[in-house]
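Visitor: Produce the complete structure using the sequences and hints provided.
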Amino acid sequence: RSGEMAKLAQLIDNEVFQAYATYATIVLLKMMLMSLVTAYFRITRKAFVNPEDTASFGKGESAKKYLRTDPDVERVRRGHLNDLENIVPFLGMGLLYALSGPELSTALLHFRIFAGARIVHTFAYLIPLPQPSRGLSWALGYIVTISMAYRVLKTALHL
Amino acid sequence: RSGEMAKLAQLIDNEVFQAYATYATIVLLKMMLMSLVTAYFRITRKAFVNPEDTASFGKGESAKKYLRTDPDVERVRRGHLNDLENIVPFLGMGLLYALSGPELSTALLHFRIFAGARIVHTFAYLIPLPQPSRGLSWALGYIVTISMAYRVLKTALHL
Amino acid sequence: RSGEMAKLAQLIDNEVFQAYATYATIVLLKMMLMSLVTAYFRITRKAFVNPEDTASFGKGESAKKYLRTDPDVERVRRGHLNDLENIVPFLGMGLLYALSGPELSTALLHFRIFAGARIVHTFAYLIPLPQPSRGLSWALGYIVTISMAYRVLKTALHL
Chain V
1 RSGEMAKLAQ
11 LIDNEVFQAY
21 ATYATIVLLK
31 MMLMSLVTAY
41 FRITRKAFVN
51 PEDTASFGKG
61 ESAKKYLRTD
71 PDVERVRRGH
81 LNDLENIVPF
91 LGMGLLYALS
101 GPELSTALLH
111 FRIFAGARIV
121 HTFAYLIPLP
131 QPSRGLSWAL
141 GYIVTISMAY
151 RVLKTALHL
Chain P
1 RSGEMAKLAQ
11 LIDNEVFQAY
21 ATYATIVLLK
31 MMLMSLVTAY
41 FRITRKAFVN
51 PEDTASFGKG
61 ESAKKYLRTD
71 PDVERVRRGH
81 LNDLENIVPF
91 LGMGLLYALS
101 GPELSTALLH
111 FRIFAGARIV
121 HTFAYLIPLP
131 QPSRGLSWAL
141 GYIVTISMAY
151 RVLKTALHL
Chain U
1 RSGEMAKLAQ
11 LIDNEVFQAY
21 ATYATIVLLK
31 MMLMSLVTAY
41 FRITRKAFVN
51 PEDTASFGKG
61 ESAKKYLRTD
71 PDVERVRRGH
81 LNDLENIVPF
91 LGMGLLYALS
101 GPELSTALLH
111 FRIFAGARIV
121 HTFAYLIPLP
131 QPSRGLSWAL
141 GYIVTISMAY
151 RVLKTALHL
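Protein chains in written order, with the numbering used here: chain V, 1 to 159; chain P, 1 to 159; chain U, 1 to 159.
To be clear, the hints were calculated from the coordinates, so they are not data collected in a lab.
One should not assume that every hint holds.
Cut-off 30 Å, straight-line C-alpha distance, at most; resulting in silico cross-link-like pairs (DSBU-like, lysine-lysine) [to be verified]:
1) Lys65(P) with Lys65(U)
2) Lys59(U) with Lys46(U)
3) Lys46(V) with Lys65(P)
4) Lys30(U) with Lys154(P)
5) Lys46(V) with Lys65(V)
6) Lys30(V) with Lys30(P)
7) Lys46(U) with Lys64(V)
8) Lys46(P) with Lys64(U)
9) Lys30(V) with Lys154(U)
10) Lys46(V) with Lys30(P)
11) Lys30(P) with Lys154(V)
12) Lys46(P) with Lys64(P)
13) Lys46(V) with Lys30(V)
14) Lys30(U) with Lys46(U)
15) Lys154(U) with Lys46(P)
16) Lys65(U) with Lys64(V)
17) Lys65(U) with Lys46(U)
18) Lys59(P) with Lys46(P)
19) Lys30(U) with Lys59(U)
20) Lys46(U) with Lys65(V)
21) Lys30(P) with Lys30(U)
22) Lys64(V) with Lys46(V)
23) Lys65(P) with Lys64(U)
24) Lys30(V) with Lys46(U)
25) Lys65(V) with Lys65(P)
26) Lys30(P) with Lys46(P)
27) Lys30(U) with Lys65(V)
28) Lys30(P) with Lys65(V)
29) Lys65(P) with Lys46(P)
30) Lys59(V) with Lys46(V)
Guide: So, in structure tokens, the structure goes:
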């Protein structure tokens, strides 16, 4: 099966595909970090949603008071959901775009702007920075994804 | 590296894969549109969730009244989340299904029904149409995804 | 085009890729099951969110009382969202990891632990099991995904 492995290796050896793999990994790790930030705020703010999560704080009413929403927790969760809504399209479009044979420099430009925009978006959401910081960083990632979609449809349209 | 590029080009030149690329792009663009619809309703209904988003309406209490939920905004957000829950499985299963070597006509049937069902689902959710419009369009997309999963497991099962 | 089809077949014939296809399908089907569990609880608890979903219960006030939240429904929905937050990174990282040429036994270990952890996580969330069952099963899946990300970056880093 070494022949097949070699074939696969050619995909991962392709520079555009390597760039996609790198930036897809970066944005996914960034998104995964939101889970840890949520957990951090839930624990430090003592704001939980599942009764079984507050059992260690005692029984009955003493634990029940920690079943509450906290503005910081909700803010991180909104940032996490916004990541899902925007990073899922990037992962799908980015893969198809990488397979559509773009120039390496053009591909890198797309991937770098998207990853940078999502990192800025996270800081803008969590600090929070005054608008339009969050809005503009969101829009930048959105436009990059549309640009990749355009190339994929131009290269591969088969309705 | 032109040899590798040629190998990659073979993937995007495959008609089944082209069809996948086309319909994956269509449903992702449709899902991304939900962000714009949410923004449109937030702005026209003046219903925001982040204090920094209402800063342009003035300071203090005058801006605070726009931090509220609106039924139309919540409806679009539910549609967006339903897209995520259903389009993520389609993207994953569709890619594996396309690589499992189905007939082009069968693959196109799957992709077209899924994309059509999700577009109907969006209209059924946003207008809204009376049930069971939304339920049936949801179920149709679900069944198509199960059908692709069945073929992938039949072709590639390796536990 | 049979030559191209053969090339594609080589990807799906690769054992590591077959293992990825199998476990990606399993976790996606498991995630899709959450939609059915949500529908089951919404119907048996009579707890709906869209007015058009309660129309069959009569008109006006008699139907309006079913527009409410139910703790069991909300619990399933949280489990579903947690699946999205964790299975999306697995799908993306797992695909890139499978293409990075790992040993079959190592890859199977990653995929099996992730799928097992997410199945345990679902039971821990829905029953619910006392903590740290849910926390540990979540962490196990998280660590597996990080491990795959590490290998992808080591193999393909191209910033």
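Visitor: If you check each hint against the structure, which ones fail?
Guide: 10, 15, 19, 24, 27, 28
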